[in-house]
Amino acid sequence: DFIIMDKNEILARAKAYINDEQDETFKKQVEELISKEDYTELEDRFFQDLEFGTAGLRGIIGGGTNRMNPLVINKATQGLANYFIKTFPEKAKAGTLSAVIAYDSRNYSDVFAESTALIFAANGFKTYLFSALRPTPELSYAIRRLGCDTGVVVTASHNPPQYNGYKAYWNDGAQVIEPHDVGIIKEVNAVKIENVKTISRLEAISSGKLVIIDKEIDQPYWEYCKNQLFRPELMKEKANEAKIVYTPLHGTGAMHVEKVLSGLGLTVITVPEQREGDGNFPTVEKPNPEEKPAMKMAVELGEKEKADVVMATDPDADRFGIAVPDNNGKYVLVTGNQMGALFVDYIIKTRKELGKMPKNPAIVRSIVTSPFSDRICAKNGVELVECLTGFKWIANCMNEFDKTGKNYIFGFEESYGYNVGKDVHDKDGVSASAMCAEMTLYWRTQGKSLLQRIEELYTEYGYFQDGAISLNFPGVTGGAKMKAIMEKLRTEGVKEFGGKKVVKIRDIGQSVEFSPNSPTNKTALAFPKSNVIQFFLEGGSVVSARPSGTEPKIKFYINICIDDEKDLKKAGEKADKLIAEIDKELKAFVD
Numbered sequence: 093d094f095i096i097m098d099k100n101e102i103l104a105r106a107k108a109y110i111n112d113e114q115d116e117t118f119k120k121q122v123e124e125l126i127s128k129e130d131y132t133e134l135e136d137r138f139f140q141d142l143e144f145g146t147a148g149l150r151g152i153i154g155g156g157t158n159r160m161n162p163l164v165i166n167k168a169t170q171g172l173a174n175y176f177i178k179t180f181p182e183k184a185k186a187g188t189l190s191a192v193i194a195y196d197s198r199n200y201s202d203v204f205a206e207s208t209a210l211i212f213a214a215n216g217f218k219t220y221l222f223s224a225l226r227p228t229p230e231l232s233y234a235i236r237r238l239g240c241d242t243g244v245v246v247t248a249s250h251n252p253p254q255y256n257g258y259k260a261y262w263n264d265g266a267q268v269i270e271p272h273d274v275g276i277i278k279e280v281n282a283v284k285i286e287n288v289k290t291i292s293r294l295e296a297i298s299s300g301k302l303v304i305i306d307k308e309i310d311q312p313y314w315e316y317c318k319n320q321l322f323r324p325e326l327m328k329e330k331a332n333e334a335k336i337v338y339t340p341l342h343g344t345g346a347m348h349v350e351k352v353l354s355g356l357g358l359t360v361i362t363v364p365e366q367r368e369g370d371g372n373f374p375t376v377e378k379p380n381p382e383e384k385p386a387m388k389m390a391v392e393l394g395e396k397e398k399a400d401v402v403m404a405t406d407p408d409a410d411r412f413g414i415a416v417p418d419n420n421g422k423y424v425l426v427t428g429n430q431m432g433a434l435f436v437d438y439i440i441k442t443r444k445e446l447g448k449m450p451k452n453p454a455i456v457r458s459i460v461t462s463p464f465s466d467r468i469c470a471k472n473g474v475e476l477v478e479c480l481t482g483f484k485w486i487a488n489c490m491n492e493f494d495k496t497g498k499n500y501i502f503g504f505e506e507s508y509g510y511n512v513g514k515d516v517h518d519k520d521g522v523s524a525s526a527m528c529a530e531m532t533l534y535w536r537t538q539g540k541s542l543l544q545r546i547e548e549l550y551t552e553y554g555y556f557q558d559g560a561i562s563l564n565f566p567g568v569t570g571g572a573k574m575k576a577i578m579e580k581l582r583t584e585g586v587k588e589f590g591g592k593k594v595v596k597i598r599d600i601g602q603s604v605e606f607s608p609n610s611p612t613n614k615t616a617l618a619f620p621k622s623n624v625i626q627f628f629l630e631g632g633s634v635v636s637a638r639p640s641g642t643e644p645k646i647k648f649y650i651n652i653c654i655d656d657e658k659d660l661k662k663a664g665e666k667a668d669k670l671i672a673e674i675d676k677e678l679k680a681f682v683d
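Residue numbers (the working numbering): 93 to 683.
List time: in silico DSBU-like cross-link candidates among lysine-lysine, alpha-carbon distance up to 35 angstroms:
{"id": "1", "residue 1": "Lys330", "residue 2": "Lys307"}
{"id": "2", "residue 1": "Lys647", "residue 2": "Lys495"}
{"id": "3", "residue 1": "Lys498", "residue 2": "Lys514"}
{"id": "4", "residue 1": "Lys289", "residue 2": "Lys99"}
{"id": "5", "residue 1": "Lys388", "residue 2": "Lys422"}
{"id": "6", "residue 1": "Lys119", "residue 2": "Lys573"}
{"id": "7", "residue 1": "Lys661", "residue 2": "Lys647"}
Simulated DEER-style distance windows between Cβ atoms:
{"id": "8", "residue 1": "Pro271", "residue 2": "Lys575", "range": "21 to 27 angstroms"}
{"id": "9", "residue 1": "Ala576", "residue 2": "Lys596", "range": "20 to 26 angstroms"}
{"id": "10", "residue 1": "Ala576", "residue 2": "Lys621", "range": "17 to 23 angstroms"}
{"id": "11", "residue 1": "Asn281", "residue 2": "Glu552", "range": "50 to 56 angstroms"}
{"id": "12", "residue 1": "Gly355", "residue 2": "Lys396", "range": "24 to 30 angstroms"}
{"id": "13", "residue 1": "Lys593", "residue 2": "Pro252", "range": "36 to 42 angstroms"}
{"id": "14", "residue 1": "Ala282", "residue 2": "Leu103", "range": "23 to 29 angstroms"}
{"id": "15", "residue 1": "Lys396", "residue 2": "Gly567", "range": "39 to 45 angstroms"}
{"id": "16", "residue 1": "Ala672", "residue 2": "Lys378", "range": "22 to 28 angstroms"}
{"id": "17", "residue 1": "Asn100", "residue 2": "Pro312", "range": "55 to 61 angstroms"}
{"id": "18", "residue 1": "Lys441", "residue 2": "Asp659", "range": "21 to 27 angstroms"}
{"id": "19", "residue 1": "Ala282", "residue 2": "Glu123", "range": "27 to 33 angstroms"}
{"id": "20", "residue 1": "Ala224", "residue 2": "Lys120", "range": "26 to 32 angstroms"}
What the hints contain is simulated information worked out from the structure, not anything from laboratory work.
Small disclaimer: the values here were computed from a predicted structure and weren't measured.
A virtual CB, placed ideally from N, CA and C, is assigned to each residue, including glycine.
Build out the structure end to end from the sequences listed, making use of the hints.
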């Protein structure tokens with residue numbers, strides 16, 4: 093099915109790519125497809141240009157305009173450099189613009205990172221490049237510490253091994269947001285390959301435009317992670333009593349998590365088969381700590397070692413997940429929403445206890461994160477601020493708080509992203525691992541496990557449970573299908589889910605919220621526009637629909653609240669039933 097292009101158009105685009113691509117590996121892939129006359133694969137690689145979106149680039153590695161390869165990276169970097177040169181003309185003129193580049197363990201990450209660094213250097217930026225793979229949170233930290241104007245990390249986060257990506261950062265250490273994201277996209281789209289500047293590595297280093305970095309950022313970053321903790325004396329006294337099993341899932345986390353936790357006196361046993369960086373992720377299908385299969389080896393080692401907690405970070409170590417033993421020694425995975433609530437509870441309780449609660453404290457969560465933590469904040473006099481999905485919006489709230497007198501004390505989102513300090517403007521799995529270790533030890537001194545603390549929170553604030561459905565729409569027609577589903581949700585709406593009435597609809601794409609009973613009486617929203625629709629149900633549950641910004645899929649988030657059942661086992665059964673009903677209704681709606 094050639095929906096968009098005929099064979100001649102595909103061939104013309106493929107030959108143009110071969111002509112422009114300097115890398116022989118990627119060039120050869122396309123030449124072989126042409127000789128095999130594999131037009132289905134060629135169309136998928138050339139029906140569009142891989143879009144430089146608000147989160148940068150993410151795509152399958154390979155030759156083609158709709159793939160991750162040196163040609164696509166080079167054009168993106170030149171566009172990014174052009175935007176900063178135009179935005180800061182005085183700095184550009186004085187030759188004082190600067191950038192820092194990091195990369196993870198994925199295939200070609202090192203190649204793409206060096207290519208990026210050399211283009212920045214050729215454009216007059218003083219460019220810092222990490223000597224080897226490093227986590228995303230350290231890149232954010234480095235931008236702030238080095239006072240850089242921009243930064244790039246080459247990573248596809250938790251995606252399967254065939255993917256890679258490219259995230260662009262602003263001078264505050266956060267990924268770019270409006271209006272800069274739109275400005276950068278325009279510049280990237282305008283780049284002609286003949287206008288991409290580059291120089292050799294040797295020339296870049298000898299001219300001082302390229303500086304290789306490692307320990308001068310590593311050591312202060314490790315100290316920063318340790319300095320977020322509240323109870324150093326507890327760590328000194330009790331650390332040797334706790335045993336942690338950890339997996340970096342073949343990514344960047346081992347060096348940092350091991351260094352920080354062992355520096356606190358904790359015993360860390362890293363899963364040996366998953367310790368080294370490997371872009372093929374040979375022991376997992378997806379290197380994502382949100383998914384049970386990815387945690388399998390770590391949990392098995394945890395059971396063998398009788399670990400107090402099993403920890404995992406994704407390949408770029410910005411996401412953090414755990415499993416903890418129940419009363420029978422069986423390890424239970426803690427969800428992102430549960431972990432967020434545990435952190436919120438612990439940080440508020442500890443700050444109050446130690447007299448470290450600032451004036452006007454605020455915690456930030458994304459809109460698709462469970463409202464569980466809202467109740468903990470409300471009871472404790474801490475403001476809960478919602479923001480759009482993506483940690484750059486949490487970082488944006490941090491920046492806004494500095495102007496309005498609010499004091500940021502924690503930010504998180506359900507997709508295993510947590511931030512416990514202000515010198516990193518992104519989610520940080522390394523500092524989260526240290527905070528989790530302290531929290532585990534603290535509750536242990538109170539005779540409780542993390543699971544028991546979650547149950548106490550449920551008893552106090554209501555039972556919360558979450559479900560999610562991801563529906564994929566790949567290929568040429570995928571985008572149109574996703575658009576049609578979101579349009580159908582907007583125009584037809586939904587009156588109830590699982591027998592629970594919809595009491596409020598929040599349409600962030602239209603910047604309004606309203607009651608289904610009076611749809612013309614709309615209230616304006618303060619959020620920037622984003623293609624998300626949320627249905628708030630009677631009893632406190634929420635159903636949200638959000639197309640992914642980086643993959644061809646729509647994600648439905650189901651946040652269930654059961655307030656009318658004190659028996660937690662029965663509340664869990666009620667929640668399971670409700671999630672199953674909503675799941676069924678959503679799939680029927682999409683069909």
